[in-house]
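Taken in sequence, the protein lines are chains A and B. If you read the first sequence in numbering that gives the first Met the number 0, its first letter stands for residue 0, the second for the next number, and so on. If you read the second sequence in numbering that gives the first Met the number 0, its first letter stands for residue 0, the second for the next number, and so on.
Quick caveat, the hints were computed from the structure, so don't treat them as lab data. Owing to the predicted nature of the structure, the values given are computational and were not obtained by experimental measurement. Honestly, I wouldn't trust all of these hints.
No farther apart than 25 Å at their CA atoms in a straight line, the calculated lysine-lysine pairs in the DSS-like style are these [claimed, not checked]: (1) A/K351 - B/K125; (2) B/K359 - A/K124; (3) A/K70 - A/K269.
Number of protein chains: 2
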Amino acid sequence: MNETKIRKRAPRKQAVVDRFPEDGTRRVVVENVLPSVEDGRYAVKRTVGEELEVTADVFADGHGSLRAVLKYRPAGSSTWTETPMEEVENDEWLASFPLEQAGFHEYTVEAWLDTFGTWRDELEKKSAAGLDVGSELLEGARIVREGAERAQGRARTWLAARAAVLTGGELQTACVVAALAEDLEEAMARVPDRSRAAAAGRTLRVWADRERGRVGAWYEMFPRSAGTDPGRGATLAEAAARLPDIAALGFDVVYLPPVHPIGRTHRKGKNNSLVVAPGDPGSPWAIGSADGGHTAVDPALGTLKDFDRFVAAAAQARLEVALDLAYQCSPDHPWVREHPDWFRHRPDGSIKFAENPPKKYQDIYPLDFECVDWRGLWQALLEVVQFWIGHGVHIFRVDNPHTKPFLFWDWMIAEIQREHPDVIFLAEAFTRPRVMERLAKGGFTQSYSYFTWRNTKAELTEYFTELTEEPVREYMRPNLFANTPDILHEYLQVGGRAAFQVRLVLAATLGASYGIYGPAFELCEATPVTPGSEEYLDSEKYEFKVWDHDRPGNIREFVRIVNRARREHPALCFDHRLQFCPVEGDELIGYMKTTPDLESIVLVVVNLDPHRVQHGFVEVPIANLGIPADQPYQVHDLLSDERYLWTGARNYVRLDPAVMPAHVFVVYRKIHTERDFDDYQ
Amino acid sequence: MNETKIRKRAPRKQAVVDRFPEDGTRRVVVENVLPSVEDGRYAVKRTVGEELEVTADVFADGHGSLRAVLKYRPAGSSTWTETPMEEVENDEWLASFPLEQAGFHEYTVEAWLDTFGTWRDELEKKSAAGLDVGSELLEGARIVREGAERAQGRARTWLAARAAVLTGGELQTACVVAALAEDLEEAMARVPDRSRAAAAGRTLRVWADRERGRVGAWYEMFPRSAGTDPGRGATLAEAAARLPDIAALGFDVVYLPPVHPIGRTHRKGKNNSLVVAPGDPGSPWAIGSADGGHTAVDPALGTLKDFDRFVAAAAQARLEVALDLAYQCSPDHPWVREHPDWFRHRPDGSIKFAENPPKKYQDIYPLDFECVDWRGLWQALLEVVQFWIGHGVHIFRVDNPHTKPFLFWDWMIAEIQREHPDVIFLAEAFTRPRVMERLAKGGFTQSYSYFTWRNTKAELTEYFTELTEEPVREYMRPNLFANTPDILHEYLQVGGRAAFQVRLVLAATLGASYGIYGPAFELCEATPVTPGSEEYLDSEKYEFKVWDHDRPGNIREFVRIVNRARREHPALCFDHRLQFCPVEGDELIGYMKTTPDLESIVLVVVNLDPHRVQHGFVEVPIANLGIPADQPYQVHDLLSDERYLWTGARNYVRLDPAVMPAHVFVVYRKIHTERDFDDYQ
């Protein structure tokens, strides 16, 4: 056959050359670098002190040895740190890096073919098979000489000398020994030829929060109800007196609804009545009056100085203050006068109040994020946060973020966290899953969840499986509120004291971050405004309350014990490592949390039925814990302080809600034997 | 509170303005457009005639109505076609578009807030609640006037007039009727305000193959063994005489191992012997001799003209020819002399032969894709394909693509398919999953699979579940070979005739594309070269064979029946819609395939035990098929031609491998009743 014919068919040389890729001899592929949120468009979330474990698919054509490194740096830094990756299986490689400071960190993966390693493997196999390897040694000498050229100083000389040894020996076996020596392998590993290295397509980012971004017990309180005089609202100074008690219950964060002046126009009366009585304080979320707007303190609560003192008192009690960030205005808010263009006007010139037809919220004007001066509006909203940061607030609970544009939150949170990476934003978006997820991707540190509406075993198992799966768990951290001023679930309305215990233990152990709205919660306040409603009767949202914190039937001591368990057992401080354990029946639910090193193991079993005793067998995944089936192990119930010796996976539990509806067991993998006794040996 | 203080803390105006995003008032989000392979870096695969179903998450802050369109176009076109998307649930939107020509098509999603729709919904709710809507009508008139400004000609006039009606009526109810009228809704839908529309982050691509890319029955044959004279190899002219018989068996593609001149240096003898006897033809994969290389025909087979005639004869028999593309050279290949730089040289000047230490393949030189002249090499390899396309070959079975760089395949396949979108490449990469996947992503039309090594119920279920899951199924199409010249699985070695039937029916019904290497397969050739080996004894790879196509024990008629079933039942022509059906025991496996419209339903039950009768109950997912539990339905076994009336999900099957080891049932959802009789009504 004459092959010249086909040459004529080929396109003109120049045109062809243009079509070649630049890096046609790059043989390595790096793909699927994880964790990653939407191909790196958003950052993964972790906290300072954690390691970020990174995996990637790394492979090449053919059979050559590969090397891969994980590269990482704090965002903004121009130099990468590298750590070698190890192959796990099936071309998946793994390495991790520590997150030592708050803020963004970048990471990527680079890999290359290890010419020396490939050659060394071949030499090893061939010499083991007794083949002549003269030609291989010549090749190796060339590879080592090239390595020497990439080396500096003594390494260069040393490698050049070793290259000579590979071919200089009388005996081939001696040359092979020199070629396979570990010192040569190490020296060559220090001077890799990375000219054809491949990198992951996109540099990924992880956002590192301080630890409170991941773990914390929150306590929501209305400061105006912290007093003892039913005739008036308490001041911040009076509310501060409650802080040591809240701290003693084991909480980390005290979250205050808006503390700003409350509008008078269309103010709501008790139980959300359209008719307001003299002295009714109105809803704290109807922000703004002649006394000021989002950067003012309601005079009934005190002054900005009082607020500063409250923050200081909290710090004294080792509590941190979280403030409500509700971007909306009462008709009396100064912005309505100063920036009427920030609100949506109707054709008749009036401003549109909030509504969800046919419901109307005449006491609230939403801001118009589509206004011409949106930049001015964004800047003002940013400055509100900056203002309160200036007053010691580093946690913001954001009201209804899902009714403001995502791009605004992306921008605002980035602006704040660039200067203040310690600031935490909790999104109160009770809305559809994709919307909640998008807010979390955009930067919200934590998110309210559907937890209040997940009460059965099936609901809880499905929901928490979903929340701890990839990729959601990489960017969305639920903060499990057991109740809120808007949500008194039917389960609590009808379940009595045990129901409150059940929901508390679920929130506090399923969620590294959880919260209660108190003192309604720990006092087991259970009456709805109307049957079938989730609103509280005589809600604090619309009136002053005076609470008897020691009233009979409260679960204060239970709350204290549960919060202490959280503090003492690191397994409860992470969300990811959650595993449901099979338990018989629909009323008993069991799950386990562990730290990666298994130093902390907590097994929780809850009787979801607040009325009846339930019992059955729980299956402890002892194989995952490395506990042999025939070896006893100790479990210590932190709620009852009882200890049991169990053996094998299946163990009997019996929970009487009238006594205690849950076990929170610490599992000790090893019990002492005679061999542990000092004199045994 | 005085708010002016904080102004001082703000950064300078100019610096701040720079930090705002350009499109801060864009409120809509379009995310997660599927199908997509690695965020659109690679194309999804479909075939001409299919619809591509596209979903996306589309949402915005707040409660406004949304509109979304799927945009698509053939790659290279500058104009998009749009089709409206519908919301399915949970912010997921759906639409599809037809693939009417082979090649790349682009698609993306665009969405916007529907101001008119949002306003219309509000008006509807408020007027239903009996509220005064005077202000709303004023607002609507403004929205409709703005719509008129975006409209042309008569629509403009019509909308302007309607805007006037909205506020001009005496009776508000009449205005509301005009506002809610369907004609207004339709007219406004034609003039949407898309100035703040959001688009998906990345335009995605789908590659549309011709139908053969998705479905086909392949028959591999050695043309030199198609004759009757054991003393010499058959010619292409003699091999062409076999084509009508192969076509009659129901195959679509006849695949030939390399037809090029075979090297003499280090030629292998019978059974892969290092000692070659005079007259031994050598392996067809040792390509190249003094007679030519990859664009030449082995003189023992004939001339290029004979090859052209073979292709024409195949077409005559409605068969298509697939050629082996093995990019490697015997030491006698012309390229070794003309382009020594395309091969890897050892330090002693010799060329490195192929090896997988300690195995050596002295008769084969691999090409060096890292050579300096890699562009010249790529071009030559491209021209090989172009050459055979010029001779009527449009299907290439690529030998060991995983030992050549991925970037080369990406480039080569793109270069070919840009001119010839009908060309099909089948990757013979029996290697690790990530490597096989990368080849498929890079453009290979089909891929060999692990099917030959998946023989038990658990193995088959796991593997085919994996292959039909997202995202693998979007880009990798397995072609299930039941045997190959290199793979005679132990199952076939020990299972007798029934084993061949079992593996054929599995391959042909689990895979829309499948193949056999014949006549070894249909003649149930089962002897390995040594016990425990998967190589055939006296393999055609190294010698001429003469076959008796009618020898006793063959399964030719069975093959014909199975291939006819594939042609007549569209459910078997797609891979995606596969569902395993519970059947008792480890030996019976059941699965169902359907077309989306359920017009074609095939239920396959196979006894994997080739030695013993197995029986049990198969669960037919009648609920998915819309068959009531109490209504009989007919199943027709295409293998035995027997028909049964079944009722309910669980039905008894009994399969005797000595008679017939499988059922291939067509399921008819409806049986005739008296109501179907013409005279009934």
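Hints versus structure:
no. : hint            : in the structure
1   : A/K351 - B/K125 : holds (14 Å)
2   : B/K359 - A/K124 : holds (12 Å)
3   : A/K70 - A/K269  : violated (59 Å)
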